[in-house]
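Start from the sequences and build out the full structure, keeping to the hints where you can.
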Amino acid sequence: MTLAFGLVAACGKTAETPTPATGDLTVGFIYVGPKDDYGYNQAHAEGAKALAGMPGVKIREEENVPETVAAQKTMESMINLDSAQVVFPTSFGYFDPHILKIAEKYPDTTFLHCGGLYTEGKHPKNVGSYFGYIDEAQYVAGVVAGLTTKTNKLGFIAAKPIPQVLRNINAFTLGARSVNPNATTKVIFTGDWALPVKEAEAANSLADQGVDVLTSHVDSPKVVVETAERRGIFSSGYHASQADLAPKGYLTGAEWNWAKVYQDYVEKVKAKEAWDHLVRGGFKEEYIKMSPYGPAVADATKTKADEAKAGLTAGTLVIFKGPIKDNQGTERIPAGKELGQRDIELEKMDYLVEGVEGSTS
Amino acid sequence: MDDTSAKPGWREPVLAVADAVVVPVAALLVSILIFGVFIGLTGNSPIAVYAEMYRGAFGTWFSFQNTLLRAAPLMLAGLCTALPARLGLIIIGGEGAIVMGGVAAATVGVSVSNASPPVVIACMMLAGALAGGFWIGLAGALRVYRGVNETISSLLLAYLGIALLNHLVEGPLKDPESLNKPSTRHIGEANMLGDLPGLDVHYGLLFGIVACIGCWLLMEQSVFGFSGRIVGGNARAARLSGLRVPRLVILTCVLAGACAGTAGMVEVAAIHGKANASLITGYGYTGILVAFLARHHALAVVFVAVLLGGIGASGGLLQRTFDLPDATVLVLQGILFVVLLVSESFRSKLNVSRFLKVRG
Numbered sequence: 001m002t003l004a005f006g007l008v009a010a011c012g013k014t015a016e017t018p019t020p021a022t023g024d025l026t027v028g029f030i031y032v033g034p035k036d037d038y039g040y041n042q043a044h045a046e047g048a049k050a051l052a053g054m055p056g057v058k059i060r061e062e063e064n065v066p067e068t069v070a071a072q073k074t075m076e077s078m079i080n081l082d083s084a085q086v087v088f089p090t091s092f093g094y095f096d097p098h099i100l101k102i103a104e105k106y107p108d109t110t111f112l113h114c115g116g117l118y119t120e121g122k123h124p125k126n127v128g129s130y131f132g133y134i135d136e137a138q139y140v141a142g143v144v145a146g147l148t149t150k151t152n153k154l155g156f157i158a159a160k161p162i163p164q165v166l167r168n169i170n171a172f173t174l175g176a177r178s179v180n181p182n183a184t185t186k187v188i189f190t191g192d193w194a195l196p197v198k199e200a201e202a203a204n205s206l207a208d209q210g211v212d213v214l215t216s217h218v219d220s221p222k223v224v225v226e227t228a229e230r231r232g233i234f235s236s237g238y239h240a241s242q243a244d245l246a247p248k249g250y251l252t253g254a255e256w257n258w259a260k261v262y263q264d265y266v267e268k269v270k271a272k273e274a275w276d277h278l279v280r281g282g283f284k285e286e287y288i289k290m291s292p293y294g295p296a297v298a299d300a301t302k303t304k305a306d307e308a309k310a311g312l313t314a315g316t317l318v319i320f321k322g323p324i325k326d327n328q329g330t331e332r333i334p335a336g337k338e339l340g341q342r343d344i345e346l347e348k349m350d351y352l353v354e355g356v357e358g359s360t361s
Numbered sequence: 362m363d364d365t366s367a368k369p370g371w372r373e374p375v376l377a378v379a380d381a382v383v384v385p386v387a388a389l390l391v392s393i394l395i396f397g398v399f400i401g402l403t404g405n406s407p408i409a410v411y412a413e414m415y416r417g418a419f420g421t422w423f424s425f426q427n428t429l430l431r432a433a434p435l436m437l438a439g440l441c442t443a444l445p446a447r448l449g450l451i452i453i454g455g456e457g458a459i460v461m462g463g464v465a466a467a468t469v470g471v472s473v474s475n476a477s478p479p480v481v482i483a484c485m486m487l488a489g490a491l492a493g494g495f496w497i498g499l500a501g502a503l504r505v506y507r508g509v510n511e512t513i514s515s516l517l518l519a520y521l522g523i524a525l526l527n528h529l530v531e532g533p534l535k536d537p538e539s540l541n542k543p544s545t546r547h548i549g550e551a552n553m554l555g556d557l558p559g560l561d562v563h564y565g566l567l568f569g570i571v572a573c574i575g576c577w578l579l580m581e582q583s584v585f586g587f588s589g590r591i592v593g594g595n596a597r598a599a600r601l602s603g604l605r606v607p608r609l610v611i612l613t614c615v616l617a618g619a620c621a622g623t624a625g626m627v628e629v630a631a632i633h634g635k636a637n638a639s640l641i642t643g644y645g646y647t648g649i650l651v652a653f654l655a656r657h658h659a660l661a662v663v664f665v666a667v668l669l670g671g672i673g674a675s676g677g678l679l680q681r682t683f684d685l686p687d688a689t690v691l692v693l694q695g696i697l698f699v700v701l702l703v704s705e706s707f708r709s710k711l712n713v714s715r716f717l718k719v720r721g
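For the record, the sequence lines run as chains P and C. If you read the first sequence in the working numbering, its first letter stands for residue 1, the second for the next number, and so on. If you read the second sequence in the working numbering, its first letter stands for residue 362, the second for the next number, and so on.
Where hints are given, some of them may not hold.
Stated by the list, open to error - Away from chain C, derived, C-beta distances all over 12 Å, residues of chain P:
| hint | residue |
| --- | --- |
| 1 | 72 |
| 2 | 109 |
| 3 | 152 |
| 4 | 160 |
| 5 | 179 |
| 6 | 180 |
| 7 | 191 |
| 8 | 208 |
| 9 | 226 |
| 10 | 247 |
| 11 | 276 |
| 12 | 318 |
| 13 | 331 |
Said to hold, decoys possible - Pairwise CB distance ranges (calculated):
| hint | chain 1 | residue 1 | chain 2 | residue 2 | range |
| --- | --- | --- | --- | --- | --- |
| 14 | C | 695 | P | 56 | 33 to 41 Å |
| 15 | C | 378 | P | 272 | 58 to 66 Å |
| 16 | C | 558 | P | 120 | 33 to 41 Å |
| 17 | P | 120 | C | 533 | 26 to 34 Å |
| 18 | C | 478 | P | 119 | 20 to 28 Å |
| 19 | P | 120 | C | 695 | 46 to 54 Å |
| 20 | P | 49 | C | 476 | 48 to 56 Å |
| 21 | C | 574 | P | 24 | 43 to 51 Å |
| 22 | P | 292 | C | 684 | 24 to 32 Å |
| 23 | P | 244 | C | 575 | 48 to 56 Å |
Treat the hints as calculated values from the structure; they're not laboratory data. The beta carbon of each residue, even a glycine, is placed where N, CA and C say it ideally should be.
Below is the structure:
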């Protein structure tokens with residue numbers, strides 16, 4: 001009876017109609033996983049939330065959209081049924097062929113993709129792509145880890161040995177070794193972006209080997225951070241903040257700051273100004289940020305980390321500065337050579353630097 | 362006298378259809394009621410939610426095409442579970458056959474990409490079907506020759522297939538240009554499988570429907586299918602009556618895998634143009650649900666696939682309009698599955714044909 005009554009009461013509440021008020025900008029967000037995953041998707045959802053606060057902007061979100069026709073149809077559905085004028089399909093794998101195909105079909109809609117894959121002249125004009133140099137944040141996290149570790153063993157749980165991931169592992173290790181030359185990073189590749197069971201196994205195995213700071217590059221670092229906390233070791237986050245999962249051991253984390261990117265784009269679209277097809281940035285452009293330091297980080301460590309961050313922001317500190325050898329002993333960047341963040345050679349990284357225990361294949 | 366003997370002539374098929382349709386439809390209605398209560402508990406109006414679901418799945422021409430597009434791979438994936446089920450085998454590893462079919466189709470497509478497009482497509486289809494057939498055929502052979510439970514082996518083979526796909530596209534088959542998303546080379550735009558004339562739906566839908574009709578003919582109208590159903594009824598009796606049970610089991614598994622492999626081929630030929638981790642979409646697992654809802658009847662697979670395609674197509678709208686989590690659609694699918702399984706146990710008690718006969 002109460003149930004039936006509840007039903008009737010619930011029926012009274014009508015659904016919000018998706019027709020936009022004149023002048024309102026509807027922005028659609030598409031996530032490949034759950035938007036509360038403590039990771040990649042949550043970082044984007046936090047950016048979306050920042051847009052929801054802007055006047056005259058309405059957001060529509062859809063999560064768990066696989067990288068197949070489902071992604072194409074979700075974009076079209078947002079355009080056709082929700083009247084979305086701007087769409088943010090946030091997974092790297094949405095770009096080719098999904099965004100490219102739908103963007104050609106809907107030239108009046110703006111498609112903004114995360115991954116920095118836009119090529120002038122080759123891709124439709126209503127497409128943009130953005131990305132952040134999050135290896136800068138991993139470098140700073142490495143400084144914190146290198147100064148906090150007692151065993152000098154750091155652990156990195158990563159999905160696949162692709163350039164973007166290798167760059168993070170290397171930056172983290174270079175950061176740690178810049179302040180603690182004895183620190184080494186053990187890497188375990190799980191093989192895919194979301195394999196919670198393997199990630200937990202890897203975290204336990206690294207803890208068993210004496211690793212006392214764990215970080216990761218998988219879609220959701222939740223399991224890694226939770227396992228580290230349970231094992232009584234430190235953790236460093238990625239994508240979004242996992243601080244509340246590890247109140248004791250969470251040191252800091254490399255986070256995206258998509259709110260900045262999204263607000264910039266949407267303000268320009270609203271004002272009908274031209275926007276850049278390809279934007280990339282690090283600390284300086286505020287595309288990335290650090291999680292606030294956890295209770296286990298010493299004051300001296302904070303000072304060192306803040307110095308590194310200031311250097312990266314100002315451009316005086318270069319992460320990939322020769323001489324850099326890979327972990328097989330081959331020289332990869334000769335002494336005196338600096339690869340700035342925008343250097344495309346870094347986009348092809350296929351090695352692990354000296355101090356990393358692991359292999360790319 | 363004559364009257365009673367004449368009756369079964371027209372009655373049997375009608376009753377059989379009624380029997381096959383009434384229970385699932387009743388189960389569907391009960392599920393909709395239960396899901397409505399669930400929606401009510403989330404603080405939304407079930408009527409508004411159902412109206413929105415209808416709009417998202419069938420309400421507009423765009424929505425309906427969206428539904429059909431999503432249904433296409435589900436038909437082929439559904440057959441992968443439905444066919445062996447007629448022989449009493451529970452195969453749940455369609456996902457493995459899909460990815461193996463996809464990677465084989467992409468490999469062959471790339472290597473013959475200079476041939477004329479119809480030849481490329483035919484080669485890819487053959488490769489996809491063979492690879493998928495081999496994968497599920499393995500589960501069938503393990504069952505027949507080693508007594509390995511086919512449910513477990515097909516599921517484990519799915520994990521193996523996914524691991525093999527990742528290994529191949531990140532290693533031997535990797536296009537060096539695909540940096541951050543390791544993939545095989547592209548089969549070439551000219552070789553892509555286009556859309557059906559006048560529709561925004563690719564040829565996979567046609568493949569799915571043709572496969573379902575073909576499998577229906579095979580399982581319901583042929584000696585092969587009849588023999589297979591005897592195996593499903595009682596494998597021992599089938600063996601004693603001289604049926605070649607091992608051959609029937611393995612062939613059916615190969616055919617089932619070939620259907621799923623074709624779904625993988627369509628993913629490559631119609632959507633991606635190459636094989637990569639995006640082939641892992643979960644269609645294989647949704648296919649299990651399709652097969653069970655269709656009660657392993659190949660023609661019913663078409664309709665159930667459209668129904669689940671529609672649920673999938675409307676799921677996004679539910680998230681966007683009502684702010685319901687993505688899992689809402691999974692709740693509906695789960696309710697459907699459980700209610701259907703429970704309804705099976707009522708079937709014997711509420712025998713529709715007996716009920717109709719008494720009334721008649």
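Hints and how they fare:
no., hint, verdict
1, 72, "violated (8 Å)"
2, 109, "holds (14 Å)"
3, 152, "holds (31 Å)"
4, 160, "violated (7 Å)"
5, 179, "holds (29 Å)"
6, 180, "holds (30 Å)"
7, 191, "violated (6 Å)"
8, 208, "holds (24 Å)"
9, 226, "holds (21 Å)"
10, 247, "holds (26 Å)"
11, 276, "holds (21 Å)"
12, 318, "holds (22 Å)"
13, 331, "holds (22 Å)"
14, 695(C) - 56(P): 33 to 41 Å, "holds (40 Å)"
15, 378(C) - 272(P): 58 to 66 Å, "holds (60 Å)"
16, 558(C) - 120(P): 33 to 41 Å, "holds (35 Å)"
17, 120(P) - 533(C): 26 to 34 Å, "holds (33 Å)"
18, 478(C) - 119(P): 20 to 28 Å, "holds (26 Å)"
19, 120(P) - 695(C): 46 to 54 Å, "holds (47 Å)"
20, 49(P) - 476(C): 48 to 56 Å, "holds (51 Å)"
21, 574(C) - 24(P): 43 to 51 Å, "holds (48 Å)"
22, 292(P) - 684(C): 24 to 32 Å, "holds (29 Å)"
23, 244(P) - 575(C): 48 to 56 Å, "holds (55 Å)"
Consistency note: the structure conflicts with the earlier hints numbered 1, 4 and 7.
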